[in-house]
Amino acid sequence: MANVTLEHITKRYEDVTAVDDMNLDIEDGEFVTFVGPSGCGKSTTMETIAGLTLPTEGTIEIGGRDVTDLPPKDRGISMVFQNIALFPHMDVYDNISFGLRLREYDQEEIDRRVEEAADIVQLEGMMDRMPEEMSGGQRQRVAIARAIVRNPDVFLMDEPLANLDAKLRVHMRTELQRLHKELDTTIIYVTHDQAEAMTMSDRIAVIDSGQLQQIDPPLVCYNEPTNLFVAGFIGSPSMNFVEGEVTADGFDAEHVTVDFDPDAYDVSVGDEVTLGIRPEDVYLADGVESVEDPSAVVDAWTDVLEPMGNEVFVYLKLAQDAELRIDERDSDQLLMSVDPDVEVEEDGEIDVVLDRSRVHLFETGSGDAIVHGLD
Amino acid sequence: MLGGLFGRSERDPDDAESDGEQRSRPGGEQRLRTDGGATASASAGTDASILTRLRRSEFVESIPFWGPPAVLVGIFVYGAVAWNLVISLIGWDGLGQPEYTDFSLAAYEQLLVDPSFTSAFWNTLILLLVFTVLSLAVGLLLAILIDRGIRFENTFRTIYLLPMSLSFVVTAIFWAWMYNPRIGLINTALRGVGLDVLTTAWLSNPDVKLFAIIFALMWQFSGYCMVVYLAGLRAIPRDQYEAARIDGASTLRVYLRVIIPQLGASTMSAAVVLMVFALKAFDFLFVLFGVNPGQSADILSVMMYRVAFDRLQWSYGAAVATVLFAMALSVIGPYLYAQYRRGEL
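Protein chains in written order, with our numbering: chain A, 1 to 375; chain B, 1 to 345.
By construction, these hints were calculated from the structure, which means they are not laboratory data. All of these numbers come straight from a predicted model, not from anything done at the bench. Among the clues, some could well be false.
What follows is a list of derived Cβ distance ranges for each label pair [claimed, not checked]:
id, chain 1, residue 1, chain 2, residue 2, range
1, B, Tyr100, A, Met130, 51 to 61 angstroms
2, B, Pro68, A, Met130, 36 to 46 angstroms
3, A, Glu27, B, Asn154, 43 to 53 angstroms
The beta-carbon is built from N, C-alpha and C at its ideal position, and this holds for glycine as well.
Next comes chain A alone, as it looks inside the complex (with noise of 0.2 angstroms):
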């Protein structure tokens, strides 16, 4: 059991900056979560904690003692790989047993710990099977195992679930909350699924070109995200964003308008911002009673319905001949979530209202959040 601190953690590839003046304090028995799209240095922040890659500047702290160049193996970290990475030649006992057996213990210990793991797992009488003669999610187990069983202080993740089709991995998801709570080691888990992040996490650290982004409970972060970044990647689908610029009755673009006093806020008349709202804040103008405090009524016209069961998607044109992009949406699109007994029809003209106490603004060059929700 260890908190992890890194400080000032830099890691530059000839030409590339992967990691850039990382600062992160993670607390002892803490899951918490590195997300971010591929390619943003999550994986090889993670890699330095692990030692498998030297920073370039910086320092790591694990239970308070500075590991920055220590190897691997004295660091009392355990890793849990995206492509598993059992050895296929040795069967399961081997493999799990192959950090202590490398470190000498005496087969006594090292048949209790074992035990003691696959117990935890519950890979119970399968010892003496191959890896390639099991499934993909026993084979996970056996990599959970094998990193368990030398009783690290920190366990690190490397986008463990990857690999599983979409069932296993929702049930691997509650394995490993499970597994955490039973443990109670501090938990660094890597992966590029939000909805991973979102349910497993103490903290999410939401990291993008090399930079930690926000580091917060997972609803803070859902609910106050600090910047544009961090809003349109957490919550699936993701936010609308509307850019549009501030005038003296509040936020005013080219379909959409709210009105609050600019004085009230950390703004000025003209500056330009993006407004960010939820779709599960956008609501039909009609029945609006449950909404508090809704916004002017926006015209607009629908487009594609995508019925999910328990919700339906509506995706709106706020300009009749607006075209639509379902994975970029632009300012003269939103995507609304309705209940699946309100009557939409396909490209028909709506009003829509905006949830104002759900509205976040944003500073449309710099990115930084303004203010969520207006009074």
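On the provided structure of chain A, position chain B as indicated by the hints.
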């Protein structure tokens, strides 16, 4: 009968379901089967339907594809092997025509008591084993070094593989110069560092002759082993190294306990190629020594040529060839079986 033989692929599913089908529809209309045996209603035009079936069967349709090569290989490889076996039994010597009348094992009995066969046999075995093991070891070492992400990796790979692309005639002459006792590079180098005691006539001294040859062949073939191992190493994901390192293995142990045990398939395929080559390492010795390398370096392939084409003892030569063939089979056989077991054949 023919339908059963040739129409198998189309018939099988039909057969499988016909039982159940008939049971489930007792007394129902008779099902007309277009293949796989005659039914009452198909009694007319049976000849025509057999022809049609023949024409449609996969076996017949595929003949143009596998037929010609099968015939060519059958005659010129397996036919020749069989003919060689026959010749070894008929006691054919000299310039006359072979007479296929008396068959005896005389040639093989002669092999057992012929000291030159005994030494050639042992030399062949030693060459086979030592050359294979050494080449594999050197190749593995080179492959690991190159796989560590060194500079000029491609250049080194080419340099190491280059000897493989040279003809044995060229390399034999090249090594004859290297081993030249007076002006050869090896003795000159040894004298240069004051190791005069080690200098010797490498290709005449019966004690070292065979090993000098093995060394030269190893020089030529370790590059090939390197390429095979390099491919094997590249197939092992980086994760394996990292997992082993995190578990606390030193670089040496990572290779000994994690990486090298995973190179079994590479070792096997490279070893088979090397061993088969070692069995027929004829050109190299022939260029160096002609038909008579002397007892300490004689191997079966050279002996076979000498006995048959120099002394014209055709049957005896054929018997040596048969032994060589049996040795090759004992190398290839287990390999093919292992491949078959793994479902790769």
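Taking the hints in turn, this is what the structure says about them:
1. B:Tyr100 with A:Met130: 51 to 61 angstroms: Holds - the Cβ-Cβ distance for Tyr100 (chain B) and Met130 (chain A), about 55 angstroms, lies within 51 to 61 angstroms.
2. B:Pro68 with A:Met130: 36 to 46 angstroms: With a Cβ separation near 43 angstroms, Pro68 (chain B) and Met130 (chain A) satisfy 36 to 46 angstroms, so the hint holds.
3. A:Glu27 with B:Asn154: 43 to 53 angstroms: Hint holds: Cβ distance 48 angstroms, inside 43 to 53 angstroms.
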